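For this one, chain X is given, so just place chain W on it according to the hints.
Each chain is listed here by its residues.
2 protein chains.
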Amino acid sequence: MIRKLEQFRTWMQRMNADAFILPCSDPHLSEYIPERWKSLQWMSGFTGSAGNGIITQDFAGLWTDSRYFIQAERQIVPNGFQLMKLKVQGQPEYLHWLAEQLPTGSTVGIVGDTFSYTLYRLAQNILGVRQINIRFFGDIWEEIWTDRPAFPEAVVWEYELKYAGESRQEKITRIKQAVKMQGCDAHLLSTLDDIAWLLNIRGNDIAYNTFFLSYLLLKELETIFFINETKVPASLQQQLKNDNIQLRPYQDITTCLAALPAGTTLLADERKVSAGLMQALPKEVIVKNAVNPAILLKAIKNATELKQFKRIMLLDGISLTKFYYWLEQNTGHVKMTESSLVQKLHEFRSQHQEFITESFSSIVSYKENAALNHYSPVPGADLEISGKGLLLIDSGGHYCGGTTDTTRTIAIGEISQEEKDDYTLVLKGFIALSSARFPEGTVAASLDVLARAPLWQYGAQYMHGTGHGVGACLSVHEGPQYFGSGANAVPGTTMQENMVTTIEPGIYHAGKYGVRTENVVYSLKETNTEALNFLHFEALTLCYIETAILNTALMNNTEITWLNNYHQSVFKQLATGLNEKEREWLRYKTKPLHLKTSYSVPVI
Amino acid sequence: MIRKLEQFRTWMQRMNADAFILPCSDPHLSEYIPERWKSLQWMSGFTGSAGNGIITQDFAGLWTDSRYFIQAERQIVPNGFQLMKLKVQGQPEYLHWLAEQLPTGSTVGIVGDTFSYTLYRLAQNILGVRQINIRFFGDIWEEIWTDRPAFPEAVVWEYELKYAGESRQEKITRIKQAVKMQGCDAHLLSTLDDIAWLLNIRGNDIAYNTFFLSYLLLKELETIFFINETKVPASLQQQLKNDNIQLRPYQDITTCLAALPAGTTLLADERKVSAGLMQALPKEVIVKNAVNPAILLKAIKNATELKQFKRIMLLDGISLTKFYYWLEQNTGHVKMTESSLVQKLHEFRSQHQEFITESFSSIVSYKENAALNHYSPVPGADLEISGKGLLLIDSGGHYCGGTTDTTRTIAIGEISQEEKDDYTLVLKGFIALSSARFPEGTVAASLDVLARAPLWQYGAQYMHGTGHGVGACLSVHEGPQYFGSGANAVPGTTMQENMVTTIEPGIYHAGKYGVRTENVVYSLKETNTEALNFLHFEALTLCYIETAILNTALMNNTEITWLNNYHQSVFKQLATGLNEKEREWLRYKTKPLHLKTSYSVPVI
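Sequences listed follow chains X and W, in order.
Just so we're aligned, residue 1 is where the first sequence starts under the numbering used here, counting upward by one.
Just so we're aligned, residue 1 is where the second sequence starts under the numbering used here, counting upward by one.
Isolated chain X, as found in the complex (with noise of 0.2 Å):
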């Protein structure tokens, strides 16, 4: 397999470059990429979500975060890399690296439209001090990688107005008011999210997602969206002709860009556009880099949507409890895996006519594999779900009318007392944040700590984010709005009404256990408050969660209070779509927890 390195060695010899950086990213700085960009994993063998590679005539390296340590360092060793074990995650390093070692005067290699112009900038200046060149390729891996996936071609289709509540007409009028309101007279969409919500439209272009390679230019008078025609049926090619919108080939970007005229301001989000378009542009276009206006207006979901949001989420539960209802009545019977089990999630999911996809790689991680951040199972290299012990699941799916993501953590068998504990702090956790009233305008990333307050009370931690933005049929991870500092978030953020969010705090303990859980919620207006704009949130995810195993010893009225209540619900909504014995089953599951009644004892 090395044979790979030493071609593009060769080839890195004949173009005079020094050294080549490898990014996992495609030309829309994508979450998720098309198996076409997949070109480090391609190289390296390495398929986690997050590295980069460097190559020079004398090494190989991957630069990745702690998450993918072990994996990494057997996937890649025996295609001549070597593990760069990143020391913050997501920063940079490679660039310091190549800027230690390579001689002043080096070219390093980079292909141009899978580099943010962001981070570009920064690579020029981290190089550039010690005088590095950045030379900027094509798209190189067309001559280099032989069997390399082809360009995604599927067809798209409308996300009808049922669906969307907001016509494209009526979302382009918005961002080109807010485009305008930020002095600029066009703007560039490169955002695979941000267009499929803006057009009202969905694709399959890339695995776990409902969007198409495109790009949109939006101009005072005109909107012009890149895409190839042979993906747009012929109906919603007449539907956008009527909506004033040109079709124009996906690779016209380029041209496009490079024939605005001089003067033009341009609204583009650098972080989000690829170093390659910024470079087409002519010198005399003058680029204001902001977020873009589709962020927050797509964060706020409208009437319809969150409409949609719950209906979606009650066949997502329906889903839910038929798989935890046949889980626990074939424990012991069946044998199953945690592979055989995503299988199984899917098959459920599957009834339903609005499904289109599981919108991530199911999460079916049993014992110490919960302890492992980013899991997924691979059949044959998994645990079988046997003995005794905590199994958390986090999956979700795209329907028409919205994106889920639900995670729920269980018990086979008896299991410890500590196991017993941290689950039942975990729920804590989850309650603080979930029954929680705050200002309209809080910083969505300050709330983050009220829902590990209850857990570092008892002196347990988890290194991840409390929750992300979800999208209606569209990322599963959306920004701006988030519950910690994420990728997609956009510092600052405050929380407005009608934001879905998740909330999913955690314990993690390396080589024993994981626990979870997440739901789904909205932010709504509090009526009886008078003085100031409080909003809360109301759940979305319709999911029982297991009390069988709560120490609730730990817990209080309050939370007993929010635990029974949601459990009512969840009884209530669901009840219908399940058959008899399913219904008892969750009868029992969602039964409401004793109150502790209180009353006052002078203190001896």
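Hint data in this document are derived by calculation from the structure and do not stem from the laboratory.
Computed from a predicted model, the values in this text were never measured in an experiment.
Mixed in with the good hints, there may be bad ones.
[What the hints assert, rightly or not] Straight-line Cα separation of at most 27 Å, DSSO-like style, residue types lysine-lysine; simulated pairs:
hint, chain 1, residue 1, chain 2, residue 2
1, X, 596, W, 420
2, W, 283, W, 272
3, W, 525, X, 87
4, W, 231, W, 272
5, X, 87, W, 180
6, W, 310, W, 589
This is chain W only, laid out in the frame that chain X set:
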């Protein structure tokens, strides 16, 4: 009084300045400024702590925030100024006003040593795009302000090692190491609290502060202290000499900076050094703009400082207890006003030899006055303490050994249920943060919401930070840690062991009443958690919290237990410093509250 303004305009014409900016600051950009630099107050009459004046030939305006709207209007209009209401506190909106109002080519005058370099750069950006020039002036007030207060020349004194816990040589060595670590070979300190801390010296140049006007220039082999020699007692001069610290006149800083050799890399915090000083640097000096290393070192108190803090908190607690006892005994019998109570508090604190001065202008605010931010009673214009209502008292002192800052709210006569409920909510927030446990390294600002969440649950909010760092006989508002986002805060500061901070939530109803409860606490390591390094707080402030006006129905056992434990500690530590009547009164005031006993019952 408009004569001053007219004379200034004549002077501006002579100087060809189309506009002039008058800030509220001194050459050290201090929080509290010496009388000599209160030129804005002299010109406009405004006595608030935050404001900026702009004078042109046909306009004179003062920009300040909502805290000061009523007061400013009253004070400045007779002096020919108009109130310009800030939309966002602390924002330089007056610069945008200048950019919009002045014609291209205009000249704006500033006194260079009362502008931070950061603010000057921002002004250059905002005004530069409109081709408006900024012209530096020297200390123009010598010429214009006839009865200007003299340069402060109070004699300084040594802050002995038994208080400081670390010698100035040791501190200087640590700072010089930090400067070197950042790749610099010199460091300019202009912040008065950093200099006082570093040199173990205190002074009396500014009301409510222990500072002395000076600069410090640290080079690898030299330490130069710029202060007028007459302020330094002979014995201290000798000690400084022994410690290899050179004394030079205060004014020499400019020539000394101008003489720095080319190629010097100077560490300086551009937010904290004046534009005037920065301009004095030769072009060949490279400035590294970074937070002063002293800020973090000073924030982490050593064992001696903490011991001293505890000792002087005892003194302060005895004064406060005697004061509140006296207050309760004499209410209704002796005529009291807000101002007379300020004086009475001063008398009780002054009984301790170690007491130096109040650490800020004491706030004694009755009824609706307590809802005003930054209220300080003025004799004759204050309220008499009679009838019924809530009385909020926020005060503190500098002592040899530390600085205090305590707020308590008590009731005069019978108060309403709403007042009791709000008082209880504030206490709930106060206890929530006081009893929090959190991982070492948690971002300080993120803890802010822990105090807010209990108030939020009941629809209450407060529009100020939850807590600020406190100096050891230094600034009562000391960075870098802050619970919220404050002026002295360094964003991203993490919580470390032995930081001293306040916790002070509140609730305010404009025109009606205000409640705030405040302790000074320090952070220390948990001993009973295994996996992670956790911190918690321990109260340094020793003063009872009124329980008679609590609505205990809103409290849970965790909160009641915290309060009982705190009260037990308060009584135990203060008892011996009180006379018998005071002691018995405090015993009653700190009597434990009844706990609620609970048992589980099924839900009906």
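Going back to the hint list, which numbers does this structure go against? none
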